[in-house]
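Respectively, the protein sequence lines represent chains P and S. Here the working numbering = 1-based position in the first sequence + 61. Here the working numbering = 1-based position in the second sequence + 327.
I should point out that these hints are in silico values taken from the structure, not numbers from a laboratory. You may find that some hints are simply not true.
As the list claims (entries may be wrong) - 20 Å max Cα-Cα, derived EDC-like pairs, lysine to aspartate or glutamate: (1) P:Lys374 with S:Glu458; (2) P:Lys374 with S:Asp617; (3) P:Lys106 with S:Asp699.
Quantities reported herein were computed from a predicted structural model and do not represent experimental measurements.
Each chain is listed here by its residues.
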Amino acid sequence: MTANEQPALDRGRPPVPGPSRSCSFPSFEVEELESGARLWSLDAKGCGLVTIVLLMPGGSELDTPGRAGLASFTAGLRAAGTRDRDALEFAAAAEDLGTTISTSCGWETAAIGTTIGSEDVVAGLELVAEAAAEPAFRAEEVERRRRRRLAEIERRRSDPSAQARIAFARAVYGDTPYAYPAIGDRRTTEEITREDITAFHARALAAGSCHLIAVGELGRGRVRPAIEETVEPRLRAHARRFDATAESLEPEPPLPSARRVVVVDRPGAAQTELRIGHGGVPRSHPDRVRLQVANSILGGKFMSRLNLTLREKHGYTYGVSSGFDFRRGPGPFVIATAVANDVAGAACRKTIEEVERMCAEPPVTSELDDARNYMVGVFPYTLQTIQGLSTRLQTLAVFDLERDEYDRWPERVRATSDKDVLEVCRRHLSPESLTIVAVGPAEELLPQLDGLGTTEVQATG
Amino acid sequence: MSEHLEQHELQNGMRVVLHEDPRLPLAAVNVWYHVGSKNEKTGRTGLAHLFEHMLFQGSANVSENGHFEHIQKVGGVANGSTWYDRTNYYETLPANHLELGLWLESDRMGFLLEALTEEKFENQRSVVMNERLQRVNNQPYGLAGERLSELLYRRPNGANHPYAWPVIGYMDDLEAATLDSVEDFFRTWYRPNNAVLTLAGNIDCDAALEQVLRYFGEIPAGPLPPPPAVEPASEIGPRGPSREILEDSIELPRCYSAWCLDGYGSDDWYAGELLAMILASGRMSRLHRDLVYERQIAQSVSTVILPTEICATFAIVATCQGREPDPLANAETLERTVLEHVEAIRSAGPTAAELERARRSLLLAHHDSRQDLALCADRLSCAATYFGDPSRIFSEPERLLQVDRESIQDLARRALAAERRAAIIVVPES
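Go ahead and model the full structure; you've got the sequences and the hints to work with.
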């Protein structure tokens with residue numbers, strides 16, 4: 062049919078969609094290696110690349126008040142020299158292949174990873190395995206890293222969004238691991254010793270609790286032998302399970318009995334950073350998916366209540382978002398925005414009103430439909446890249462989820478009703494227990510925030 | 328990965344790029360208008376970006392915020408961005424909703440003005456002023472980049488080159504903007520003959536082209552102003568004082584150095600991209616290894632070469648590891664050391680090993696960037712807009728591989744001369 066034979070174009074209404082096409086999570090393999098580590102492999106053809114991630118115990122949830130930052134300090138040093146190569150030789154080995162070996166540290170696990178041309182996958186695995194099992198933690202590298210971490214802690218003192226994040230965590234989490242920035246503070250960074258680091262690493266290197274995740278142009282039957290050759294010889298000596306999960310993670314943090322306001326004073330600041338929220342629920346909570354739907358309505362997308370109110374109606378901000386950070390323990394529920402100084406009080410009040418409304422009445426049908434369709438519809442976008450697929454597998458591994466988690470997730474989103482949304486909001490959102498952190502000029506903020514809750518003013522730092 | 332690619336031109340001058348990639352049931356819609364902040368005038372900066380915001384405020388058949396509403400309710404994502412040379416609008420949709428994207432994009436291309444109101448304009452002016460506060464004024468070092476461009480792109484006669492002002496515009500200009508000026512901007516620049524539409528993903532090229540014709544074919548072309556008159560890159564560079572010291576609410580002093588090279592797509596630009604890698608990408612790069620690792624005087628160092636059309640800023644940014652005992656002295660030591668490395672490249676060029684490392688890294692990044700549909704669509708629009716040839720994105724690796732050590736040294740000699748440098752030092756407020 063040519064354009065001329067089609068019915069005349071009616072611009073007055075949106076076009077009728079074609080039949081929808083389903084999208085399921087691609088198939089993958091999970092097998093246990095002799096060392097006890099689990100190998101997750103997903104063959105994604107066509108990109109010519111492989112992304113490798115080795116997850117190991119040793120996340121920041123293990124940090125203790127006197128040694129805050131130890132987990133990420135240790136993680137960052139794993140690629141800074143190994144038994145057989147000094148830091149520069151190790152870096153050159155990766156960069157000669159056009160890549161780098163990256164290290165990172167989340168709350169639950171530490172990771173070592175790389176994305177590499179599929180023809181170089183053996184060399185990539187070799188470097189990842191070296192960093193995991195044979196890091197040298199040479200004293201000079203520990204001191205180099207310490208200096209950079211101290212400088213980063215200094216840098217954050219003038220970064221308003223970092224200040225807001227730090228003050229919020231401290232106010233909400235008291236003295237549990239989630240209270241401290243993963244990098245630690247000046248004192249702990251100065252006090253952590255090389256012995257602390259080597260002992261922490263030795264404890265974390267438990268092959269039975271490691272996951273090796275390989276996604277990309279794997280080629281039939283090539284990966285397992287490559288791993289037998291590179292990773293397994295290094296992990297077998299550590300074939301045990303990690304001895305404990307974080308001891309001090311409470312299932313739910315105590316909520317304060319009244320709202321609190323923490324003002325971090327930045328005289329002369331051009332804008333005010335706001336963080337509003339309280340402790341949330343763990344990743345394993347049965348209400349998780351229903352809370353995701355509720356959050357989508359409140360502040361999880363552009364068309365959310367908060368963004369339409371604060372940005373599109375009042376013009377207080379460039380944007381606002383809310384979210385539950387689902388961790389092994391109860392990560393925070395937090396609303397984040399940056400607003401003009403003279404509307405900070407009004408923005409806080411509108412925000413609280415929206416949280417209250419979530420707890421007072423169920424969403425209207427169209428709002429709920431839109432949220433559910435949005436969540437299910439955008440899911441495939443995260444499956445486009447090998448890194449995105451790897452992230453999905455990492456989540457399964459870290460939280461010990463069922464293999465069909467991603468195939469069942471859309472049903473669970475669609476099954477969430479308006480009553481469910483109201484119920485989980487009433488159960489897990491507490492407008493009366495919100496902590497409000499405002500980073501900006503205290504002199505201008507205090508009169509506006511008066512009456513919102515008990516108020517404390519802090520200096521930056 | 329499929330490389331089926333077509334380019335068409337409609338009778339109204341709109342160019343259409345179609346790229347089939349059936350891996351997932353997704354379709355990307357990407358529109359580039361060949362207008363950006365460089366088409367603004369001094370005293371009226373920020374208009375292109377403010378206008379981008381107005382394109383999400385509804386059009387003749389789409390209600391206020393209806394754009395996002397229609398897209399999000401079917402499980403799509405949408406956004407736009409403004410740059411010196413272009414403004415883009417894009418959505419990624421479930422493939423069966425491709426036509427929704429065409430309906431929305433054609434409605435705002437053809438029928439925007441009747442939906443514009445003073446109220447929407449005031450709201451978005453406020454949103455954009457907050458965006459500027461958040462990204463610039465309330466960011467550590469936020470004003471340094473702006474000042475650097477002002478210094479680099481100030482003309483000898485005191486006038487400004489079109490890259491002298493920031494894309495987001497100056498606060499005073501945002502306050503002075505009017506709804507009339509926004510409407511003029513639309514009439515002048517938002518024409519099909521100034522646009523490229525790319526559709527990528529799980530699409531049928533023939534059917535998609537027919538739909539494009541239906542939705543866009545009737546939108547009339549219009550006369551376009553000539554591009555701004557500009558001098559060659561070799562004539563751009565500071566005249567008179569070219570280095571300033573700024574105070575900011577920061578902890579770690581920082582130094583910026585910038586030069587001007589030929590624009591994106593030129594031989595010099597690709598040589599510049601490799602040079603940027605050799606200087607500061609990866610732990611083995613010259614600046615990182617020496618300043619961060621060996622001497623430990625820098626906390627971080629980075630190089631950037633902007634992919635701009637008429638010429639390109641090449642900048643080196645290095646942040647001190649500490650402020651004691653004297654922030655300014657620390658920053659100046661760091662600056663001097665950076666410049667010694669630039670001189671070393673000018674006098675001896677990079678080593679073969681350095682070039683090989685940079686090549687491999689860029690090739691890997693190139694393959695990596697092909698995975699994301701929206702990014703791929705954007706790059707196709709880019710190549711079609713600047714070069715008239717979307718397939719340039721597939722031949723870019725060959726262009727990079729043609730760069731040799733001599734061309735990098737030659738570029739550094741010509742372009743990175745001391746007298747052509749603009750510089751900013753940022754120190755903590757006293």
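Are the Cα positions of Lys106 of chain P and Asp699 of chain S separated by 20 Å at most? Holds: Lys106 of chain P and Asp699 of chain S sit about 14 Å apart, inside 20 Å.
Does Asp617 of chain S sit within 20 Å of Lys374 of chain P, going by the straight-line distance between their CA atoms? Between Lys374 of chain P and Asp617 of chain S the Cα gap is close to 51 Å, so the pair fails against 20 Å, i.e. violated.
20 Å Cα cutoff - pair Lys374 of chain P, Glu458 of chain S: Holds, at about 16 Å.
Of the numbered hints listed earlier, the single one contradicted by the structure is hint 2.
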